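Trainee: Listed here are the chains, written in short residue letters.
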Amino acid sequence: MQRIGVFVCWCGSNIAGTVDVKAVAEALKNEPGVVHSANYQYMCSQAGQELIKDAIKEHKLTGIVVCSCSPRMHEGTFRKTAEAAGLNPYMVEIANIREQCSWIHKDIAEGTEKAIVLGRTAIAKVNLNAPLMAGESPVTKRALVIGGGIAGIQTALDIADAGFEVDIVETKPTIGGKMAQLDKTFPTLDCAACILTPKMVDVAQHEKIKIYSYSEVVDVRGFVGNFEVTIKKRARFVKEDICTGCGLCTEKCPQKKVPNEFNLGMDNRRAIYIPFAQAVPKVATIDPNYCTMLKTGKCGVCAKVCTANAIDYTQKDEFIDQKYGAIVAATGFNPISMEKFDEFAYSQSKDVITSLEFERLMNAAGPTAGKLVRPSDGKHPQKIVFVQCVGSRCAACAEKGKEYCSKICCMYTAKHAMLTRDKYPDTDVTVFYIDVRTPGKNFDEFYRRAAEEYGVHYIKGMVGKISPEGDKLMVRASDLLANKQINMEADLVVLAAAIEPDKSARPLATMLTASMDTNDFFTEAHPKLRPVESPTAGVFLSGCCQGPKDIPETVSQAGAAAAKVIGLLAKDKLKGNPCVAHSDEMMCNGCSSCEKVCPYGAITYEDKEFRGPNRTTLIRRIAKVNEAICQGCGCCTVACPSGAMDLKGFASKQIMAEVDAICK
Amino acid sequence: MEKSKENLIQDVVRRSGVNPRKCMKCGKCSGTCPAYDEMEYHPHQFVYMIETGDIEPLLKSKSIYKCLTCFACVDRCPRGVEPAKLIESIRLSVIREQGNNHLTPQMIPELIDEEMPQQALVTAFRKYTK
Amino acid sequence: MQVNEFKPKIVAFCCNWCSYAGADLAGSNRLAYPAEVKVIRVPCSCRVNPMFILRAFQRGADGVIICGCHPGDCHYTSGNYYTRRRMALLFSMLDYLGIEKGRTRVEWVSAAEGAKFAQTMNDFVQTVTALGENKRLEDLRCKK
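Residue numbers (the working numbering), protein chains in the order written: chain C, 1286 to 1949; chain S, 516 to 645; chain X, 505 to 648.
Chain C on its own, in the form it takes in the complex (with noise of 0.2 Å):
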């Protein structure tokens, strides 16, 4: 039997003004269990918790009642008073007569009887309330960080100065990802490659970074602060610690006609080769797709010309298993296809581009070394035409496209228009917008310089039809603000396509056991107040996996994720919620109802034996809640037939004590 306190708080005239306090501790009395009852101004106070710890000493209390605001206030206060007295700190339940009696009832009377009855109920969970301990877990120091673009770089780069471990996997044969690509960056024009090879110098040179490029993740196990990894290494049939990236497999390679897919299939690779000058790591690939030595046997020039003898045909995949702490995802982005959008005519003319496309045109490492020409006929284009919120903003009833903004259109559409007339000024450059959004630091002044200084064109209204006639694009128009439709010729026509998250997301999520939105952008564990964390506990988030994002977006958020990471890691041990969901090894029976329901995969099953009748032992399959990993929700208690699983704190007995209470 417990030995019960009830101490009822007046919170000045807060709850004393319509609950008589003196009857409500009166009444609590003579319920089962109670020994004790006071009550007093303001029990969170000094004195208050004082006049607690004293009670629970002198009359040798096993559980206490506060009856007081509600437990999201002084919950955690009179749990700590508790536990100062040496009682278990889970022996504390809070009847909540503030926010939800006293302040919404005028009449005394009536506030009083419900005030007693919260009291009563309180202490009907309290009399089933058994002491709770966190469990403990250990934290293995090291980060794993899926993806090498700009915002898994910075988050390596961060978590690796605070001195921990990180691993950087990365499926390309090269970390630096889209934004290597890139040409220059907005709103300050400075090239992406001069603000990120430095930063991917850093990465390979790091003693805290190892990066897996040409690599992925097949496998992740564990939770929170002990994941295991299973990590696939392609084969690149080069070996990676001798090759000294000189470049000549790649120059003698007779295999020419690979597409580009760094240049976006604009130019041909050879079948071996470095994505690019600047590539971290700095080392050939094989595509053995194209090597005809791999395909057919018949070849073998690279290893021929390969000083370092590094060429090595043999290579197998290669399977690593890694334990971490913490792991992010910062997976990126894709252009979407255009596939959908036949009115642009993106598959009909090679002069129709999209903005990642014309980045690489633009680039001085490019496939035309800067020089902005026509794909088609190589000529200089005068007239040049932007779309943009191609595939983005589009209903979900008009089946292509995706609902959101991309977010980073209407700048680099801006950037783009402004370098071309920069670069140009003998074009012509035409922008067809919805809307023009900058919310961002000198966002607005960019857009407006690239109108005011630059004489782009922006004209309201949507291109509804692009048809090639002859070597010019015809972009049929609508000028919203003009009233008119417009027939224009153009050389070049560039799509703003709309983003979205990489296709590894996915399948990503389901190992991790990570959230995503019906985007397939990860979900954060609080829109607001979390936004790097996923819900799923060692798991954070990092650039465009979450949410369309720029670069300072981008790399703010790399730092945020970091910044959790190392607060995760720099714990010894992870104390857990003790409030879990426990299951009954006598009553459960394996059917795997409460796995099906349990959104972060905390249930395992095993193997047990038990003693048999007669001497026999019988091996029963039962489940297993993992605590470390269990947050607590109780979806499993409902799921499960049998009544085995049961969560701490909250209990079946516990919660209908409850019912009874105010049914009473």
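FYI, nobody ran anything at the bench for these hints, they're computed from the structure. Computed from a prediction, not measured in an experiment: that's the story for all the values here. Quick reminder that beta carbons are idealized off the backbone N, C-alpha and C, glycines included. A couple of the hints might just be wrong.
[What the hints assert, rightly or not] Pairwise CB distance ranges (calculated):
no.: 1; chain 1: X; residue 1: 510; chain 2: C; residue 2: 1895; range: 29 to 35 Å
no.: 2; chain 1: C; residue 1: 1754; chain 2: S; residue 2: 555; range: 50 to 56 Å
no.: 3; chain 1: C; residue 1: 1738; chain 2: S; residue 2: 600; range: 43 to 49 Å
no.: 4; chain 1: X; residue 1: 634; chain 2: S; residue 2: 569; range: 42 to 48 Å
no.: 5; chain 1: S; residue 1: 583; chain 2: X; residue 2: 634; range: 54 to 60 Å
no.: 6; chain 1: C; residue 1: 1590; chain 2: S; residue 2: 549; range: 55 to 61 Å
no.: 7; chain 1: S; residue 1: 586; chain 2: C; residue 2: 1906; range: 57 to 63 Å
no.: 8; chain 1: X; residue 1: 574; chain 2: C; residue 2: 1627; range: 36 to 42 Å
no.: 9; chain 1: S; residue 1: 585; chain 2: X; residue 2: 605; range: 46 to 52 Å
no.: 10; chain 1: C; residue 1: 1928; chain 2: X; residue 2: 605; range: 53 to 59 Å
no.: 11; chain 1: C; residue 1: 1788; chain 2: S; residue 2: 586; range: 52 to 58 Å
no.: 12; chain 1: C; residue 1: 1805; chain 2: X; residue 2: 626; range: 38 to 44 Å
no.: 13; chain 1: X; residue 1: 626; chain 2: C; residue 2: 1906; range: 45 to 51 Å
no.: 14; chain 1: C; residue 1: 1754; chain 2: S; residue 2: 583; range: 18 to 24 Å
[Claimed, not checked] Keeping only pairs whose Cα atoms sit at most 30 Å apart, straight-line, the calculated DSBU-like set for lysine-lysine is:
no.: 15; chain 1: C; residue 1: 1750; chain 2: X; residue 2: 639
no.: 16; chain 1: C; residue 1: 1365; chain 2: C; residue 2: 1493
no.: 17; chain 1: C; residue 1: 1750; chain 2: S; residue 2: 540
no.: 18; chain 1: S; residue 1: 537; chain 2: C; residue 2: 1692
no.: 19; chain 1: S; residue 1: 540; chain 2: C; residue 2: 1625
no.: 20; chain 1: C; residue 1: 1692; chain 2: C; residue 2: 1469
no.: 21; chain 1: S; residue 1: 520; chain 2: C; residue 2: 1687
no.: 22; chain 1: S; residue 1: 520; chain 2: C; residue 2: 1769
no.: 23; chain 1: C; residue 1: 1542; chain 2: C; residue 2: 1635
no.: 24; chain 1: C; residue 1: 1608; chain 2: C; residue 2: 1893
no.: 25; chain 1: S; residue 1: 540; chain 2: C; residue 2: 1726
no.: 26; chain 1: C; residue 1: 1589; chain 2: C; residue 2: 1608
no.: 27; chain 1: C; residue 1: 1750; chain 2: S; residue 2: 600
no.: 28; chain 1: C; residue 1: 1493; chain 2: C; residue 2: 1542
no.: 29; chain 1: S; residue 1: 581; chain 2: C; residue 2: 1769
no.: 30; chain 1: C; residue 1: 1342; chain 2: C; residue 2: 1365
no.: 31; chain 1: C; residue 1: 1537; chain 2: X; residue 2: 639
no.: 32; chain 1: C; residue 1: 1856; chain 2: C; residue 2: 1608
[Unchecked claim] Here are some chain C residues pointing at chain X (derived, C-beta under 10 Å):
no.: 33; residue: 1305
no.: 34; residue: 1386
no.: 35; residue: 1387
no.: 36; residue: 1390
no.: 37; residue: 1773
no.: 38; residue: 1804
no.: 39; residue: 1864
no.: 40; residue: 1867
Put chains S and X on the given structure of chain C with help from the hints.
Mentor: Structure of chains S and X alone, referenced to chain C:
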């Protein structure tokens, strides 16, 4: 019996199945319309004017007959608003008020010739009958 | 005259993260709702076992309302989706047993919707009061 303006707009909207509030005013419908120059009011204006309750000018306008019902605007609208259906609905409410059909099934055989696409006939029948 | 004095017993299950905070907000803003509503705090609306609701009706409750985060906003990502499905089934079964649909309700109240909480409770109490005392499932043995 004369309907009040609100009722008329409600009728038009309900019959078309179009929600003009979904429009984000990008103008792609008008940007794509092949009959644009023939029309006094353009597809995006139809949607906007119905949304703001300004239906009388549309009822009187010739534009409702100029729409080809080619559905280019329906196909390309990023918000799935379907302006052509709205225009057709306005046209229907005018024709229904006028009382008689402009085309009867009996007249169709004489209209058919080799060149005419089947769809044009169907469209015309929809346009000129109640 | 009896009907007017009838005060229903209402059990409200509120999830800790949204609806309980919403109820607190209603209190902070001094938005009145009837004292017949008594709130039980649960971590998530999906913690509410249909058994609890049956128990409440058995013990003489006249109405049971479950409040959770809005769909898609669940603190535990998907809990309220389970609540929605489970309660749809349970409520139709209760209806079959003679517990009118008006006596049971699932409502989404976010932490910012104090006014919605108060209004929902006012409305619910009114509905249940109009339905009168629940005698269908009440176990008379539970009465003294």
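Trainee: Compare the structure with each hint and give your call.
Mentor: Okay, the hints, checked on the actual structure:
1. X:510 x C:1895: 29 to 35 Å: Given range 29 to 35 Å: violated, Cβ gap about 53 Å.
2. C:1754 x S:555: 50 to 56 Å: Violated: the Cβ-Cβ distance is about 28 Å, outside 50 to 56 Å.
3. C:1738 x S:600: 43 to 49 Å: For residue 1738 of chain C and residue 600 of chain S the Cβ distance comes to about 44 Å; the hint holds.
4. X:634 x S:569: 42 to 48 Å: holds, 45 Å
5. S:583 x X:634: 54 to 60 Å: holds, 57 Å
6. C:1590 x S:549: 55 to 61 Å: Given a distance of about 59 Å, which is inside 55 to 61 Å, the answer is holds.
7. S:586 x C:1906: 57 to 63 Å: Roughly 58 Å apart at Cβ, these two residues keep to the hinted range, so it holds.
8. X:574 x C:1627: 36 to 42 Å: holds, 38 Å
9. S:585 x X:605: 46 to 52 Å: holds, 49 Å
10. C:1928 x X:605: 53 to 59 Å: Violated, at about 28 Å.
11. C:1788 x S:586: 52 to 58 Å: violated, 33 Å
12. C:1805 x X:626: 38 to 44 Å: holds, 41 Å
13. X:626 x C:1906: 45 to 51 Å: The hinted range 45 to 51 Å holds for residue 626 of chain X and residue 1906 of chain C, with Cβ atoms some 49 Å apart.
14. C:1754 x S:583: 18 to 24 Å: holds, 21 Å
15. C:1750 x X:639: Violated, because 68 Å separates the two Cα atoms, which is more than 30 Å.
16. C:1365 x C:1493: Between residue 1365 of chain C and residue 1493 of chain C the Cα gap is close to 39 Å, so the pair fails against 30 Å, i.e. violated.
17. C:1750 x S:540: holds, 17 Å
18. S:537 x C:1692: Since the Cα atoms of residue 537 of chain S and residue 1692 of chain C sit roughly 20 Å apart, the hinted pair holds (cutoff 30 Å).
19. S:540 x C:1625: This hinted pair holds, its Cα atoms lying about 21 Å apart.
20. C:1692 x C:1469: holds, 17 Å
21. S:520 x C:1687: Given pair residue 520 of chain S, residue 1687 of chain C is violated - Cα atoms ~36 Å apart, limit 30 Å.
22. S:520 x C:1769: Given that 30 Å is the threshold and the Cα spacing comes to 29 Å, the pair holds.
23. C:1542 x C:1635: holds, 18 Å
24. C:1608 x C:1893: holds, 27 Å
25. S:540 x C:1726: Holds, because 27 Å separates the two Cα atoms, which is no more than 30 Å.
26. C:1589 x C:1608: Between residue 1589 of chain C and residue 1608 of chain C the Cα gap is close to 39 Å, so the pair fails against 30 Å, i.e. violated.
27. C:1750 x S:600: Cα-Cα ~20 Å, so holds.
28. C:1493 x C:1542: violated, 39 Å
29. S:581 x C:1769: Given pair residue 581 of chain S, residue 1769 of chain C holds - Cα atoms ~16 Å apart, limit 30 Å.
30. C:1342 x C:1365: holds, 15 Å
31. C:1537 x X:639: violated, 90 Å
32. C:1856 x C:1608: Holds, at about 16 Å.
33. 1305: Check failed: Cβ of residue 1305 of chain C comes no nearer than 14 Å to chain X, outside 10 Å.
34. 1386: With a closest approach of 8 Å, the residue 1386 of chain C hint holds.
35. 1387: holds, 8 Å
36. 1390: holds, 5 Å
37. 1773: It is violated, given that the least Cβ distance between residue 1773 of chain C and chain X is near 44 Å, above 10 Å.
38. 1804: Interface hint status for residue 1804 of chain C: violated (13 Å vs cutoff 10 Å).
39. 1864: Interface hint status for residue 1864 of chain C: holds (7 Å vs cutoff 10 Å).
40. 1867: violated, 14 Å
Hint violations for this structure: numbers 1, 2, 10, 11, 15, 16, 21, 26, 28, 31, 33, 37, 38 and 40, all remaining hints satisfied.
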